[in-house]
Amino acid sequence: MADASIGLWTVPLAVLGGAIRVSTPFLFVSLGECITERSGRINLGLEGTLVMGAMSAYGISYLSGSPWLGVFAAGITGALLGALHAGICSLPRVNDVAVGIALMLFGTGLAFYLGKPLIEPTAPRLPAIDFGWWSDIPQVRAALRVNVLFLIGVALAPILYWAFRTTRWGLLIRTAGESADAARAMGHSVLLIRLRATMAGGFLAGIGGSFLSLFYPGSWNEGLSSGQGITAVALVIFARWDPLLCLWASLAFGGAAALGPALQSVGVTSGYHLFNAAPYILTLAIMIITCSPKRTLTGAPAELSITR
Amino acid sequence: MTTEAADSTETVGAVAPAAGPDFLQRHGGTIEYVLIPGAALAGALIVFGIFVAMFGKNPLDLYFYMYYGAFGTWFSWQNTLTRAAPLILTALCTALPAQLGMVIIGGEGALLIGALSATSAALALQGMPPLVVQIAMVFAGVIGGGLWIMLSGGLRQYRGVNETISSLLLVYIALAILNHLVEGAMRDPASLNKPSTREIGAANMIGSIPGTDVHWGLVFGLIAAIAAYILIYHTVFGFAARVAGGNVRAAKIVGLGVSKLILTICFLAGGAAGLAGMIEVAAVQGRTNANLAAGYGFTGILVAFLARQNPLAIVPVAILLGGISASGGLLQRRLGLPDASVLVLQGIIFVFVLASDALYGRIGFLKGKS
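Protein chains in written order, with my numbering: chain X, 41 to 348; chain A, 367 to 736.
Okay, chain A solo, but in the shape it has when bound:
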């Protein structure tokens, strides 16, 4: 993180840093960005431990199995990284519009539409060389998801419709469209119990990173996160977006095209989530069906908030949250916890992270008093 970010927290904190060690003066803000979310996470884990203890489970067992199921073995690491890939991308769907001060929570919908468009592209291009099909799938997924969230952004800009509510409504509409097509026009007659589209074909799957079971989606996610970081913090476009996010009137006075910014950022945000959908199809499911609505879009919101909407911080946070969901299976088998325990923990973490916003600029020793 840059010192620029650190400076801005100190001004936001409204408490002028007192004279103190130069290091804390310069980096106090950056340390805060790590320390406070870390403390929030620890607090959430403790509360979850108490919660589980009320049901007669040993919290220490819980922590051990969570660690073991997430990062304990090479197998669990691979499971974790596989789950982190879509989370990075769906988190970008919330983090990019957040630069403009918009709260978009419809990543799940863009993921579903992206998956549907990518599958359609693959099915339309059957028989073409796999690379052509895969590139077409990427474009279809990004454009499908991008237009979906751009709809929310456009409604906000041109009609004043609240983007948080519209993007969430669009999730349910996307799910209905998916179910409608999967059970109707796009249904594979051979899929009896679980209505699905036809398979995109084994040759068109994107496969794993050599030597691992982790699919290439992780690389897609990393590239997207780095690209988003550069776009936001090291380009004029990103600077303009942050200005508009800080003060729309100021942005208009200096002549920034706010509408264009909103539509572009929303398109890129939705495109990231759409890419996640494409990856889930081309690397995991091989087809589109209701399994795709696995909640990656909703967990992505949490990832974005925990990473404080910073595209680079999203990567480690997504791995952490991917780990928590990867350990869910082990918690179910070894401790007999319901599968919803991961949801409860995610909810507790979210609450703690938001409450911890109040702490910024208020920790004594970071202001240089110690």
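Only chain X is shown next, with the shape it has when bound in the complex:
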């Protein structure tokens, strides 16, 4: 990929391309988690959902020949895992954080088990739209090959922002998240609201997984996701449960994650592993800067156990 003619410009270009490409799973998982957490429950199992989504998307795309069917299957798988999470959490005295950890292990294990036969074959991948047609430089064209899922995610962020503010469903989710008693007093079942919110969150996280296996990196293997799911959960806290901020944060994280491969492509290989850890270090640094022991975070749903 390294081309002498544009030299070091490769790095910012690759970071830009990465911000678009790598950010998509972050974006979907964080928007999904945003819905779930706004309803007053945290699902740490989205890491497992992401991997299961990637596996089922690849499998269905391979079997049916249609990558879009794969994306849909990934969403359904994610919603089912979300339903499992919500179902267990609705039992009395069950801790949602612990259930999330369990589903993280379960989802990854199940995906590795079922995905064993999928490592070899090649499945049809999602198409990309070429926004770089005007340029002759291959790196620019590569950076601007944008997947439709990314555009859907970008559109989804303001839609969710609007929905939380104005629609009946958005208000119900927020009520359940701010005060379960208030929701109950209005005659709504908090458990049902949270079940739906967790399933919706799982659906989006599953789609985020399908992007991993069907577009970038674009294959199925067991090292496909290493913590993107959990980083995205942390990202929601940093984004203050605001879908629009989730979008910007995802782009920043995508760029950070692309830094390692970008530097490697221009011959900087010494700190490769450390640059690859950039998203995790960035997440931790941002959490250290933005959190405070004195007050709960602004915008935090009051019912959320993790910000207590």
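These aren't lab readings, by the way, just hints derived from the structure by calculation. For each residue, glycine too, the CB sits at the ideal point set by N, CA and C. Any given hint might turn out to be false.
[Unchecked claim] Now the stretches of chain A that chain X is said to cover, found in silico as 3 or more residues with beta-carbon under 8 angstroms:
| # | region |
| --- | --- |
| 1 | 519-528 |
| 2 | 545-553 |
| 3 | 666-678 |
| 4 | 706-714 |
Add chain A to chain X, keeping to what the hints say.
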């Protein structure tokens, strides 16, 4: 387990025990602690059997090979115990902070940092008597791992950063540091295909318990578990920790130093996982490389939850889970199951164990009605 623990479940259960046989009154809670996780485990095994049957394997074969591969022969027992050793220690990494109400899931990171520090200590002290090197490795492993988890605890206490997420992020950062050093500054030029550090030297390995192939790490684990139990249930420090875990405000009102408690407990927790890393280096691998990230830290979380965060209960649970992972190889060879089947089973067990939390205080005959 003590009657004190039993009493506390009954109050937590919110259902006052009805009049009944004195034995059940006194020990109903303790029986619950064995019966409910046992039932959860059985339920998980049944579901896993059904899962495997869907792929055309005979579940009875599955159970037989699992038993045989875990506890069927002296060889499999040794394999099981060897795997149980790091699990006891990584489970303590979750169970100790749990006394304070913290959910730490970063044992894998502390294990890696502990292994790296222990290896560095051994390589720095080459030529010294083996006992000196080994003691230095223990200290280095414990301090390295301890500081790693103390970082999560400190961030929680001083910056309000959620410890579950920070400890998990630190796992990935630890792995990156390990890979960075192993492929760079600490790389043995002779390790071509699998980048590794230099060997710590055969003389410095801690070896096996006489008459077995089980390394001394198991003894380390047992001592750590017993020490943790005494610390939590039979010292003032442990009592203070449990008070703070129950109610932080109450602890502050009676003048307990909550920050000090959190930092100390997190250091000990990380130290246990760091010791596991040291053992994996000094008893199994002989050097540090990416092989160390074998998932002991993550299985340790499950062990801690299945043992209900009780340091003594961790020992049998770790042996059980060590057995399950020891039987993985046999399941692969005889039944053609993928190696991930152990992960699936662990996940199912975890889900069942958490769901079974809802049952405490609700089993009729334990309340003395039968």
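So, going through the hints one by one against the coordinates:
For the region 519-528 of chain A, the assignment as covered by chain X holds, since 7 residues bring a beta-carbon within under 8 angstroms of that chain's beta-carbons and 3 suffice. Here's how the region 545-553 of chain A fares: 4 of its residues keep a CB closer than 8 angstroms to some CB of chain X, so the rule of at least three is met and the hint holds. Here's how the region 666-678 of chain A fares: 3 of its residues keep a CB closer than 8 angstroms to some CB of chain X, so the rule of at least three is met and the hint holds. Closer than 8 angstroms: that is the beta-carbon criterion, and the region 706-714 of chain A has 9 residues meeting it against chain X, so the requirement of 3 holds.
Violated hints: none; the structure is consistent with every hint.
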